[in-house]
Amino acid sequence: MSTIIGIIFGLALLFMAIVEQGGLSVFLNLHALMITVGGTLAAVFISFPLPQVMRTFGILFNVFRSDVENPSNYIRQIIDFTIKARRRSLLSLEENVRIVKNRFLRVGLEMVIDGHAPETIRDVLETEIEFMVDRHEAGANVFRTAGRYAPAFGLIGTLIGLIAMLRAVASGGNNAQAIGAGMAVALVTTFYGALMANLFFYPVAEKLRSRTREERVLASIILDGVLLLQKGAHPRVIEKKLNAHLSPLSRHRHHFREEPVETA
Amino acid sequence: MSTIIGIIFGLALLFMAIVEQGGLSVFLNLHALMITVGGTLAAVFISFPLPQVMRTFGILFNVFRSDVENPSNYIRQIIDFTIKARRRSLLSLEENVRIVKNRFLRVGLEMVIDGHAPETIRDVLETEIEFMVDRHEAGANVFRTAGRYAPAFGLIGTLIGLIAMLRAVASGGNNAQAIGAGMAVALVTTFYGALMANLFFYPVAEKLRSRTREERVLASIILDGVLLLQKGAHPRVIEKKLNAHLSPLSRHRHHFREEPVETA
Amino acid sequence: MSTIIGIIFGLALLFMAIVEQGGLSVFLNLHALMITVGGTLAAVFISFPLPQVMRTFGILFNVFRSDVENPSNYIRQIIDFTIKARRRSLLSLEENVRIVKNRFLRVGLEMVIDGHAPETIRDVLETEIEFMVDRHEAGANVFRTAGRYAPAFGLIGTLIGLIAMLRAVASGGNNAQAIGAGMAVALVTTFYGALMANLFFYPVAEKLRSRTREERVLASIILDGVLLLQKGAHPRVIEKKLNAHLSPLSRHRHHFREEPVETA
Amino acid sequence: MSTIIGIIFGLALLFMAIVEQGGLSVFLNLHALMITVGGTLAAVFISFPLPQVMRTFGILFNVFRSDVENPSNYIRQIIDFTIKARRRSLLSLEENVRIVKNRFLRVGLEMVIDGHAPETIRDVLETEIEFMVDRHEAGANVFRTAGRYAPAFGLIGTLIGLIAMLRAVASGGNNAQAIGAGMAVALVTTFYGALMANLFFYPVAEKLRSRTREERVLASIILDGVLLLQKGAHPRVIEKKLNAHLSPLSRHRHHFREEPVETA
Amino acid sequence: MSTIIGIIFGLALLFMAIVEQGGLSVFLNLHALMITVGGTLAAVFISFPLPQVMRTFGILFNVFRSDVENPSNYIRQIIDFTIKARRRSLLSLEENVRIVKNRFLRVGLEMVIDGHAPETIRDVLETEIEFMVDRHEAGANVFRTAGRYAPAFGLIGTLIGLIAMLRAVASGGNNAQAIGAGMAVALVTTFYGALMANLFFYPVAEKLRSRTREERVLASIILDGVLLLQKGAHPRVIEKKLNAHLSPLSRHRHHFREEPVETA
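Residue numbers (this note's numbering), protein chains in the order written: chain A, 476 to 739; chain B, 476 to 739; chain C, 476 to 739; chain D, 476 to 739; chain E, 476 to 739.
Keep in mind that a hint or two might mislead.
Since the list can't tell identical chains apart, any single copy or any two copies may satisfy a pair.
No farther apart than 25 angstroms at their CA atoms in a straight line, the calculated lysine-lysine pairs in the PhoX-like style are these [unchecked claim]:
| no. | residue 1 | residue 2 |
| --- | --- | --- |
| 1 | Lys715 | Lys576 |
| 2 | Lys559 | Lys716 |
| 3 | Lys715 | Lys559 |
In short, the hints are calculated from the structure, not lab data.
Based on the provided sequences and hints, a complete structural model is requested.
Written as structure tokens, this is what we have:
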């Protein structure tokens, strides 16, 4: 959400600034767009295998759509499952597992119900976390790399424009008007490159990194939670341990009405 | 404190320099402010999830308000608690714990009194430290990122101004006065961007990082101290071990009047 | 593939932009090419031992030729081998191993058949992975370093051109035409340097890094798979563990028709 | 020592270059000094807590005063102590310890004499090393950060000068003399910023880092030596192990006249 | 070797480019040389302790002289020693060890013959490797740092020249010839700085880093080989394990004529 608001707000501001200074016409230049966008895209396609570039577009839609789920919901869910498992049995969770949305939690609980050893569960989930982080880092890397190419192709476009203009000067076109017009056009590509990098590529790369960080926290909470549930830890201990991952304000406070602590 | 003094001192210096060179009027430009501040804010809002940006403002007030507490106070407090616990019992600390201000120390002592295993205590406190550091790093990162965007939007504003001016030149406005005025205005955004980055965003990010480092040292001292207290270590050993975290000058020297070492 | 398309597409775009702005002639400058390409090559030859530079050209052809094999094929192959080994014996894999194309998998299986201890196999394969990654990183590093030298020699060429032009101005050649022509030529080296770095060196270095990452994932899958096969793990467990390395979408789903799970 | 020679030599060179080009007067500009030095100081005071900035000045005097002691002296001393301890007893070292200058060695030997367990000694000394390195890194960081701010405030000063000059041009002062004078003054701040960063801040930060590295080597030698002494290792083994930390040329060669190796 | 060829080739290219553009005279400027070379040296002397700078010159000669020895030679040598030790005894290697050139291998074999425990040997050799790498990294760091200072002092020199020229303009010397001559001279220092950094300092730093990497590989091979020899491992196993450090092409293939594998 804030991504879209940010882009619209930023573009609106620049639009106003440009219009007030005398009109959009110079800033809309198909030529300049071709060099900057085209060059950046070309460099990105050389830099990464095609499937990764495609996957990155998929990740991009994710970013625009929704936020990472609140970890404290999962703490609540794990505590509920623990209470149920302690009352009845681990197998009684089977029906609940089917409707768990989060893949990590579902895979973890399935392995608990199937009776896998804790080390196997830790092994599989940690490998999943590690490679999920790797894949997301790779996605952020595509945008970060594009953010480095965009200003470079802006500069390249400006150099093309400058050289062409200087050549015109050299062949006798020595009037200030022509020089001014040539330089104005030449600088538009630098403008495009800086704008693409700083209002799109870098911010999106940064957003993907924060998302990855949040997902890693969520995944560690689920991993710890599933293993504690399997070990049959007391719900209060689980809550304490899982809450340690969160900031004091966003912690989950469970009301242990139905599970008297003394019986533990 | 030194944060506020630094900003006021820096701004005063620049103000004097500007006034002496011929007046503030050119440097106060709403247009330029809109592009630089607005563009940076837009990029920051795209880069980070909204709650994190909000949290960062909270962290900012923290920085301006007060400094991290002196670790040697906590060493003293832990030694006092150890002496009391050795004389009476761990449970006797319950009344003291309630009024302990530092959350780490309070949580750790509560777990000691509740009789948790040392590994559990280490586990919970280390997870807390790790994720506290992560959250604070994330806050510093918001400012560092803003510090990278600000000069970029300064440049973008200057490019807009330059292109507009060159267009004016191209359409015949070829007099030095107009060019001078146009370039002066165009450069103001670069000035704003450099100022925002180097007198606000980067220094605050750096300050947050030093704060995080100090808090991590404090947290490790408390973690080690709580575990040594639980193990029933001798106060002198505790003092030696905890002091090792500090520079020789800022170490705590306890007067062990009431606890004869020989009895240990 | 996408590498070649990217380069051709990028060059075509720039070619069009240049032609439209008034002809290629200024942009084709043997002098400028000599300084930029020659200087970059010279710096690269100083920076790296000769065999490494040569090896890097070999790696370059690899990048242009083909993509890393799909890891899920190897998961299938390992599961097939496991099923066969469980039905008959590890020795029965000998005939299959001979025709395995991937060196990691072949070496690993040979060691399993020869009866080496799991630690020895892990040791040899992990050393192989580590040093393969090191060698590929070294290759990527050659391109990344060249990408840093190219714009620097572009700048050096421009400085040579500028100084020569200014000297001409100083000796009385004070007409705008000569200045324009001199500066146009001087800027061509900067243009070459920026182009070489951003359309060739950096993208290829980046591509080599993504390749290395994919190969490391593939190698870890094979290492884990070979050790699980040796341990006699159940094919379903192998599939679960190896799939954890992949994104949910690209995972392998085996049809266990011939191997009833209940017998495990 | 080499620090002071370096600074004087560097300043003398620049002084000569400046004088030869026509006089110091333009380069001595209180205004420019105020913006560059003042701005950098302001940013540093915002970036770091006051005590850390103060401590950094203390570290600075250290750097100018003397070099890190030669590690091979400490190897000799540890070997001498070992020989004495093997002949008489660990307690006989008490009188020697009192006059040991190096704090690490003194603390370590005191703990050996007091009969602490090797793990405790390793624990205390490793924590000391780790936090000493952290504190020194923090000191180097203050200078590195100042080195980044200085050119930025140089640029800010130049922008102020340029904008003021352009404003003057815009209001009709369109003569080359005024422009030249204005730009000369404006560029002086950039000159100051570059000089402060590259002849003072960065080099001092680098020096602090090399110092830290040397001190870490010395501290590891002492830590290993103290533990080997406590274990009662043979002096020749101690020499071999401790020398491994040093380059072949700077190693200590002990003449084991008084301690026949065969008796070990 | 390739280092010298690279520097000569690079300088020849630039020489040709300069001569063709109108003569060397402007580019040979003692003044500019003094500022750039002198300033960089001064900054380097401040940055590092004197002995380290001196040691770095020693390392520099090493780089120019010869390449790291081929690791497969050492694999052959270790296998030969193993075969001999298995036939006769470890002590029979004593005569061979004396003439081993490589210090790592010699020290390792001496410790094996002296009957040290494997952990001691690993300990001593790993400490040697670690600190050798540290020392070489420190050498590379001197050049990398010099590579950062050189362009900065190039800029400082250019600023001095520019300011002096602008002052001349301000005092009425408003003719294009003088400006051109002044700027030409001013830019020469930037040219020197860029050239020193990109044709000498950075490439040599990079070369030192590749050398360090090769030496680390060689040292790990020797460490593993010595420990396997001591353990009495079979020569074929040693070959397999040590070859894993090398690329498939540069591996050693031993002809085990004299040592029948079956007897192992």
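Problem set entry | Contradicted hints - numbers only | Every hint satisfied by this model.
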